[in-house]
Amino acid sequence: MGRGHLSLVAVGLVVAAVLLPATGMGQAKLRRAGGFEVQPAYTAGFLRLGKERGYKVALYMPTDRIVIFYASRTEKSKDGSFKVLYSLYAVRNLGDLEHGVVRARFGSLGRVSLRFRPNGQMRKRDPQSGCEGGPEITEDGRFVGHLSFRGEGNYFHVSSAKGQAYIAHSPRLRCEKGQALESHPRSLRKHVAPVPLFPDEGSIALLYASARSHGRYVGITAMHQGRSSPGADVQLGIVEPRHGMAIGHGVYLEGPAGTLLTSLPGAHPATATLAPPPPFYGEAAYSEDSDAWTGTLGVKLAGLSLPLTGPGFHVHLCVVNPLRDRDGCDFFKAEPPPDE
Amino acid sequence: MRMRQAAVAVLALLALSCLPGNAWAKVGRGRPPAKQWIDIELEGSNGYSIHLSVNPRRHLILQVTNEGFSAEYMTRDVFADADRVKAKLLGLGKISVRFHPRGPVRHPSLPGCGRKRPTVQPGVVRGTISFVGEREYTQVKVREAEAAVEEPMSWRCRYGVRFEPKPREREWVSKFSAEEEGAYFLARKYRPGVIEGGQVLYLAETGEAFETASGQVPLTIYRHLSVPALASTFRDTHPEHLTVSPPPPFSGTGTLTRTPESVFTWGGDLSVQFPGLDPIPLAGPSFESEYCLRGSGCIR
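First to last, the sequence lines map onto chains A and B. The opening residue of the first sequence carries number 1 in my numbering; numbering runs sequentially from there. The opening residue of the second sequence carries number 1 in my numbering; numbering runs sequentially from there.
No lab work stands behind these hints: they were computed from the structure. All C-beta atoms, glycine included, are put in the ideal place defined by N, C-alpha and C. Be careful, since some hints might not be right.
[Unchecked claim] Below, a sample of chain B positions facing chain A; criterion: calculated Cβ distance under 8 Å:
(1) P239
(2) R258
(3) P260
(4) E261
(5) L293
(6) S296
(7) G297
(8) I299
(9) R300
[Stated by the list, open to error] Residues of chain A placed beyond 10 Å of chain B at every Cβ, according to the derived structure:
(10) K78
(11) V101
(12) I137
(13) S305
Excised from the complex, chain A in its bound form (with noise of 0.2 Å):
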């Protein structure tokens, strides 16, 4: 079986991990009495603000005290495989979005100031499967008033707030226990975090290079399934703060053929290379031996470029035959998340 091109599913399952607050799948912070739960009340936000230089661009409010810009592009190359970048940009809500009122600063990037108009069209949707409550009430409509934003670098510049809008509230439910949603952080940082696309179970050879340093969380791992024809999936996450916003920054790619080359299970000193093609540039090695993390790697995304290598970075190196270890590498079991 050779390798599977990251399919259309796994990059709307990018997609879905940013949108999916905005839709719906809201807040719920749960409290327990004694066999059901509750998923409190919440409303979330959304407007589709049209591509941008090749970036699909939104903001969306995933509850009512939280606003992110999006932007996100997916390429397919001639061989099939795809790959995604993207941005997030996440900061308070200063208005009310109960209301309507969205009003949040992204720094010296852009501000919004935007109240919902509703076009009249309402959508209703039952409580999930296990809840009881009222409907989850989605109104459509339109934001006017002020919203500018330009990407770092000037990747992307958006100066109107013309677009489809959505804002869903949804009521208190009372719910079976397990099946009230899932709450939404309150973290800024947590709602910029990168999230794992690529599974790590069954993978054979799997390396996590990470570092941290001022705030700023970097973190890329590249693996390669049982099974799989040359090559290694490869992800990178950046999380940073500045001036009150978290921001994000993600790559998900599929490698070609030298994309990570490793020394075989049970060898020491264990080695790796790792040579991701763009965005990413140059190679990186690493050594058990010297435990370090060095070469030329480097990636350069839009308004970003930065070196993937040195001495501030910890790597993990996982080979394992998949006859000895039959659930593969699970580094993220052990590691801690990006946000703390």
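Following the hints, position chain B against chain A.
Quick look at chain B alone, frame taken from chain A:
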């Protein structure tokens, strides 16, 4: 006339290879009940045994065997009725015989078949039987031979060819297989004492079909080879690196290696020589390979 490799044949071979020439009969589900078979025993040159049979579906199968080797030549280009058989084996031979009963009808008991005793009429066939294997690895030419007409009670309970399964051959501890269109290689490793002649059983199979311009397949040939060998010929102590070097009629070495890309590749100069044929390569990038460790799983 052009030849094509029988792709599907090799897949079927694994199941068929452990059966004698009339293995077609085994897959009898959904088919009409077994009726009349004609079996003819012959002696080929160079120590080969030849068994010729015509099954109720009017397929003629000529099976050549010698120790671990067997080859089946099957044609549907057959005229057969109750006591006559006429067939051609595309450049390899022809059969034109009439059956003459000799002696009383028998109902022999067969192990595992209970009361399902077949009806066997012994006799002789007279006429012409000629067969010359590829590059004359064996041949036979007779005008009379011992034969029998048999009506079995079921597909499995045949007197003419008895199938003796070796259930312990399933007790492998690790195995490796590689296949491409028309060729299949299998190596099974056992604990000491499970099989005779060593701890490893090597099998190779090929299948080919001869097809006419009109799409008919007048002749299909399956070849099967089975050779036991010592454990030292199957080195898989390090599961990232497997090497097999089976004894003749195999030659060379095949190696399964995990590359720095963590991809398993199968290469080497391993080949097998079937009687009458040039050596057939059994390793290379065109082969799909699989290594399995009992209780742990498989890697491909």
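Comparing the hints with the structure gives:
1. Given the 8 Å rule on beta carbons, the hint for P239 (chain B) holds: about 5 Å separates it from the nearest Cβ of chain A.
2. Interface hint status for R258 (chain B): upheld, as the beta-carbon distance to the closest one in chain A is roughly 6 Å, under 8 Å.
3. The beta carbon of P260 (chain B) comes within 4 Å of a beta carbon in chain A, closer than 8 Å, and the hint placing it at the interface holds.
4. Hint status for E261 (chain B): holds, given a least beta-carbon distance of 4 Å to chain A, under 8 Å.
5. The interface hint given for L293 (chain B) is met, as the beta carbon of that residue sits about 5 Å from the closest beta carbon of chain A, less than 8 Å.
6. The interface hint given for S296 (chain B) is met, as the beta carbon of that residue sits about 4 Å from the closest beta carbon of chain A, less than 8 Å.
7. Below 8 Å, beta-carbon pairs count as interface contacts, and G297 (chain B) has one with chain A at about 6 Å; its hint therefore holds.
8. The interface hint given for I299 (chain B) is met, as the beta carbon of that residue sits about 5 Å from the closest beta carbon of chain A, less than 8 Å.
9. The beta carbon of R300 (chain B) is positioned within 8 Å of a beta carbon in chain A (closest approach about 5 Å), and the interface hint is therefore held.
10. Distance check for K78 (chain A) against chain B: the nearest CB is about 21 Å away, which clears 10 Å, and the non-interface claim stands.
11. No beta-carbon of chain B comes within 10 Å of the beta-carbon of V101 (chain A); the shortest separation is about 53 Å.
12. For I137 (chain A), the shortest C-beta to C-beta distance to chain B comes to about 51 Å, beyond the 10 Å cut-off, and the non-interface label holds.
13. For S305 (chain A), the requirement that its beta carbon stay farther than 10 Å from each beta carbon of chain B is met, with the minimum near 28 Å.
No hint from the list above goes unmet by this structure.
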